[in-house]
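Peer 1: Sequence order for the protein chains is A and B.
Going by the UniProt record's numbering, the first residue of the first sequence is number 1, and it counts up by one from there.
Going by the UniProt record's numbering, the first residue of the second sequence is number 1, and it counts up by one from there.
Simulated from the structure, these hints should not be mistaken for lab results.
On a predicted model such as this, the values are computed, not experimentally measured, just so you know.
Quick reminder that beta carbons are idealized off the backbone N, C-alpha and C, glycines included.
There may be inaccurate statements among the hints.
A partial selection of chain A residues facing chain B, derived with a Cβ cut-off under 8 Å [what the hints assert, rightly or not]:
1. Gly-16
2. Phe-55
3. Leu-56
4. Ser-154
5. Ser-158
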Amino acid sequence: MLKIGPYEFSSRLLLGTGKYPNFDVQKEAVDVSETEVLTFSVRRMNIFEPNQPNFLEKLEVENYTLLPNTAGAKTAEEAVRTAKLAKASGLCDMVKVEVIGDQKTLLPDPIETLKASEELLKEGFIVLPYTSDDVLLAKRLEEIGCHAIMPGASPIGSGQGIVNPLNLEFIIENANVPVIVDAGIGSPSDAATAMELGADGVLLNTAVSGAKDPVKMAKAMKLAIEGGRLGYKAGRIPKKRYATASSPTEGMSIG
Amino acid sequence: MRFFINGDQVEVPASVQTVGSLLEHFDIDNKVVIVEHNGNILSKDTQTEQKLEDGDRLELVHFVGGG
């Protein structure tokens, strides 16, 4: 079970809801992914077009734990406000703290992320900060009381996979709260690798929504995450430079 | 009545006196809408009762897809 604050999940896949070809494909992808946590964003409503479809209406929201993000925030103050707006809906008390410091790389601003997380913890939120793969920052975020740490594998939406597995391993080894690898996952093997490194979960969006067949990819990610987790629990063999025969060398009838 | 909604100046009939009637006016009263009134975020349970005055600043936000 993945335990985050007061919540327990059997699925270790947290799924974003952005950029699907349409809401039907999204719903099917969400269904087959078997995710229990959905991420989404807070934005101004277009009051002059009230009948525009909204992704919430297609999904049975009550079946999911909702994880709003603070995407769009560039400062701690903006992130805190966005989180409070989301919580005022009465639908959620978890938040993915996302404070972007650079528009080209979309890398998180570490200082504002820490400040926003601190403030939101005081306000009683279940706080999951999206952070870089900085080992000490992850530790600091845990120390102030964050309920999970979400280091990026590589820049958001880049699909580059895990560019610094060593740092992720250090973060995972050091952590006493769940580590969710968030951002940059491109393929099922990336997700499996994250889990094999010992991550407690994976949060992804574009890897599924941007795939040629998002529904198939959602299934693939689910299986990869389960496989990676099982592999981690099973304990892989050490790597050796040279071969070791798998078949017995005694009792051969040749030679 | 004239409000500033999501940064734009918007005219509504004088009968719109509360957040509840504003949401009805725009036909969004049955949707998930979060309201910030003059900088104060309103709780979902009590937001409809909030009285409005000419010139009030409102933010009406909702949830959209994101990761």
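Peer 1: All hints, please: hold or fail.
Peer 2: Hints, verified against the model:
1. Gly-16: holds (3 Å)
2. Phe-55: At about 5 Å, which falls below the 8 Å cut-off, the nearest Cβ of chain B leaves the hint on A/Phe-55 intact, so it holds.
3. Leu-56: holds (6 Å)
4. Ser-154: violated (14 Å)
5. Ser-158: violated (13 Å)
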